[in-house]
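Colleague: Read top to bottom, the protein sequences are chains A and B. Quick note, the first sequence lines up with residues 88 to 531 if you use the numbering used here. Quick note, the second sequence lines up with residues 88 to 531 if you use the numbering used here.
Any given hint could turn out to be false.
A pair holds if it fits inside one copy or across any two, identical chains being indistinguishable in the list.
Stated by the list, open to error - Here are the computed lysine to aspartate or glutamate pairs in the DMTMM-like style, where the Cα-Cα straight-line distance is at most 25 Å:
no.	residue 1	residue 2
1	Lys457	Glu222
2	Lys209	Asp117
3	Lys306	Glu346
4	Lys511	Asp366
5	Lys209	Asp243
6	Lys457	Glu504
7	Lys442	Glu222
8	Lys306	Asp517
9	Lys325	Asp271
10	Lys511	Asp345
11	Lys511	Glu346
12	Lys306	Asp241
13	Lys166	Asp224
14	Lys209	Glu167
15	Lys323	Asp280
16	Lys511	Asp241
17	Lys438	Asp345
18	Lys325	Asp280
19	Lys511	Asp271
20	Lys166	Asp271
21	Lys323	Asp202
22	Lys312	Asp437
In short, the hints are calculated from the structure, not lab data. All values reported here derive from a predicted model rather than from experimental measurement.
There are 2 protein chains.
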Amino acid sequence: MFRTLGRAVFGVLALALPASADTVSNFTLDNGMQVVVIEDHRAPVVTHMVWYKIGRADEAPGHSGIAHFFEHLMFKGTKEVPSGAFSAIVEQQGGNDNAFTTEDYTAFFQRVAADRLDLMMKMEADRMVNLNMSEEDVTTERQVILEERGQRTDSDPGSLLSEQMSAAQFLNHPYGIPVIGWRDEIAGLSRDDALAFYHAYYAPNNAILVVAGDVDPQKVLAMAKAHYGPLPPSDKIKPRHRPAEPPQLAERRMVLADERVAQPYLVRSYLAPERNAGDQKQAAALAVLADLLGGTGTTSVLARALQFDSQVAVYASAAYDGVSVDPQTFSLVLVPSEGVSLGDAEAAMDKVIAKFMQDGVNPDELARLKTQIRANEIYARDDAGGLANTYGEALAVGLTVQDVQDWPEVLQSVTAEDVMAAAKLVLNRDHAVTGWLTTKEAAQ
Amino acid sequence: MFRTLGRAVFGVLALALPASADTVSNFTLDNGMQVVVIEDHRAPVVTHMVWYKIGRADEAPGHSGIAHFFEHLMFKGTKEVPSGAFSAIVEQQGGNDNAFTTEDYTAFFQRVAADRLDLMMKMEADRMVNLNMSEEDVTTERQVILEERGQRTDSDPGSLLSEQMSAAQFLNHPYGIPVIGWRDEIAGLSRDDALAFYHAYYAPNNAILVVAGDVDPQKVLAMAKAHYGPLPPSDKIKPRHRPAEPPQLAERRMVLADERVAQPYLVRSYLAPERNAGDQKQAAALAVLADLLGGTGTTSVLARALQFDSQVAVYASAAYDGVSVDPQTFSLVLVPSEGVSLGDAEAAMDKVIAKFMQDGVNPDELARLKTQIRANEIYARDDAGGLANTYGEALAVGLTVQDVQDWPEVLQSVTAEDVMAAAKLVLNRDHAVTGWLTTKEAAQ
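Make the full structure from the sequences, and use the hints.
Modeller: Here it is as structure tokens:
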């Protein structure tokens with residue numbers, strides 16, 4: 088398959104664009120590996136990413152954390168690149184590299200001078216199939232991850248609340264389990280588990296190659312064929328059907344009281360649909376809703392009412408991401424002002440939301456927001472590394488290059504009615520979890 | 088293996104017993120099937136049960152309800168016994184039969200005249216391996232179960248609350264998912280799913296035969312060898328290691344408001360350890376705690392304080408079962424008096440619990456309760472069918488015949504200190520879910 092998708096996404100506006108990352112090519116190798124190339128010739132650098140369509144939510148029950156664990160193990164050695172040498176080589180070449188894991192994918196990337204792309208592909212293809220892991224590698228890395236969990240989660244009350252809230256948000260779907268894994272399950276992960284996971288899921292037909300920067304798409308394709316083309320596909324790759332949510336009938340509420348909390352706050356998360364291939368309208372309405380209600384800046388509905396008018400809060404925000412395989416969350420965060428209780432702050436927040444549901448969207452605000460969204464999209468196109476991320480992430484959750492390119496126009500087409508319909512669907516407390524983080528037991 | 092375990096469980100008290108079910112024999116067939124025989128010669132009847140160590144919590148994610156679904160399908164036909172004929176034959180023989188499924192097991196039983204035991208074994212062994220299921224059988228039964236769910240769960244707000252609370256109680260363990268299954272997952276169960284489940288888990292090495300009544304253990308053993316002995320074991324039977332709970336750090340609260348609610352009430356469930364083979368002391372302390380706090384009758388701590396002294400409630404109870412593979416719940420139910428809000432009733436309940444934690448166990452009450460427990464155990468021994476259930480259930484969750492026989496003495500050995508230690512461990516609201524069932528949104 089071969090497609091080159093040009094600019095012209097933004098119509099006339101695009102004419103005003105600076106020279107930028109603007110050409111996206113899209114291939115599939117014979118072994119099933121997807122390839123996306125984003126050209127940006129302004130600097131002689133390249134971002135090379137490989138995304139695996141395997142994440143936390145694809146793990147077997149009782150083995151939470153293995154996707155993230157394996158992200159770490161991918162830095163162990165092969166015959167060609169000894170244990171720990173991968174990142175050192177990238178650095179020696181003047182580049183940097185890293186990796187990340189979410190519920191839906193695991194990704195590896197390097198940013199290097201454009202003429203080092205061949206080496207990056209060679210090394211990445213090598214560790215896709217040739218990884219060696221000694222029992223000691225596994226033991227050591229497991230300890231590293233337990234310490235990572237200790238630092239990032241167990242010693243941070245906010246992270247703990249977030250984890251407990253996710254578990255209460257999802258009654259059936261595996262998104263309820265943390266990406267890093269439950270401590271006892273991390274401790275139980277073995278080399279056999281890791282090897283089985285590697286052989287099943289690290290394969291070209293489960294991977295997406297994204298290359299962004301000062302490259303020629305045909306040369307990238309030839310290079311990808313040379314390095315990734317010979318790798319055999321896995322027969323374990325199946326469509327991702329995770330257990331779905333049953334009807335959620337009652338809000339879950341929790342208070343996490345911890346002496347380490349310096350600043351109390353509350354989080355409300357609602358179950359929300361995700362972007363789907365060829366069907367992004369509802370998600371776009373939710374993205375607009377999040378921006379209107381509590382986007383960055385100080386002009387959002389929640390910030391104006393709670394931070395400025397009533398001064399009940401020092402911070403109010405709403406967030407919705409949309410990029411996931413299955414339904415996710417739409418969330419609100421509220422940090423009360425000194426002397427305002429979490430209960431009063433929450434009541435004030437719910438009053439603002441109720442008023443918004445009654446008043447509807449202010450057309451001027453919607454128009455201003457759309458202009459801002461358009462500007463942000465244009466700025467985003469100026470960052471080839473960021474675009475690599477956008478395309479990789481989208482493809483890893485089942486969206487297409489076309490969906491990514493349609494997204495700005497889908498956002499622009501959102502009407503006030505769409506926003507209110509989405510708000511009515513999603514801002515239903517029966518589908519919500521509300522968590523309070525506090526220094527001491529808060530009164531009910 | 089052959090063991091006969093006599094009476095003498097109750098020491099001197101046993102001397103005062105009427106003629107009763109008092110001799111338990113215990114065998115294992117060569118194919119791994121456990122056999123328990125309970126003699127009771129007072130009436131020429133027999134209870135024949137087969138317990139499979141497969142329940143809701145052993146199902147694959149996304150296939151909830153298949154264990155219960157399969158319980159239904161076991162009444163479809165074999166070559167010898169056509170579809171629907173099983174229960175009809177039992178009835179023609181003057182008996183009755185039924186089956187049930189829980190998180191941990193699926194059991195089938197018949198109660199018939201003692202001379203029909205051979206026929207029951209023949210039929211039960213037949214359907215353990217020879218079941219035929221047409222596509223139509225599966226389709227029909229799936230519809231029956233969807234209607235069962237509609238009647239038992241979806242049209243009953245109390246059942247819905249219980250289901251939503253369980254999902255919030257267990258952050259990781261599969262006990263959070265209802266035995267009958269989530270509606271959409273029931274609807275997705277196929278004949279292939281059912282056949283795979285049958286061939287993996289319906290096998291003698293995953294089954295326990297319990298026969299109670301007017302029988303001779305050696306004759307039962309010979310009969311079991313003849314009928315069940317030839318059946319091949321399954322190689323899919325593994326120890327049951329389900330995902331465990333991570334630390335629970337914050338109480339989950341929910342309010343389910345439904346117009347169909349006639350009588351508001353509240354439920355508090357706490358995560359609680361289960362009885363374990365050779366280690367039943369903590370569970371016994373919890374069983375005593377449940378009886379002390381809110382056992383049947385009107386002398387419990389909660390009933391006295393809330394129903395009689397303050398008259399805040401018309402009903403208050405505590406329940407703990409203890410018989411499960413993995414940790415389960417200790418739960419409280421409170422039905423407020425007319426005019427008392429759920430919030431006030433809950434506050435009163437928590438005050439009573441706090442006072443109990445401070446005052447400790449009243450020694451006279453503990454002594455009275457132990458006498459009552461002992462009497463109940465003795466009465467229970469008078470019911471051979473009930474004993475069959477007790478042994479079958481215990482063995483199905485990994486307890487032994489010895490554990491069942493030790494249980495009365497373990498209960499008697501519980502001290503006031505044991506009870507308070509168990510209370511301190513379990514009555515921790517961070518590990519709890521509190522649900523309110525109400526006609527309308529209750530104020531916080």
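Colleague: Hint numbers the structure violates, sorted upward?
Modeller: 1, 3, 5, 7, 8, 12, 20, 21, 22
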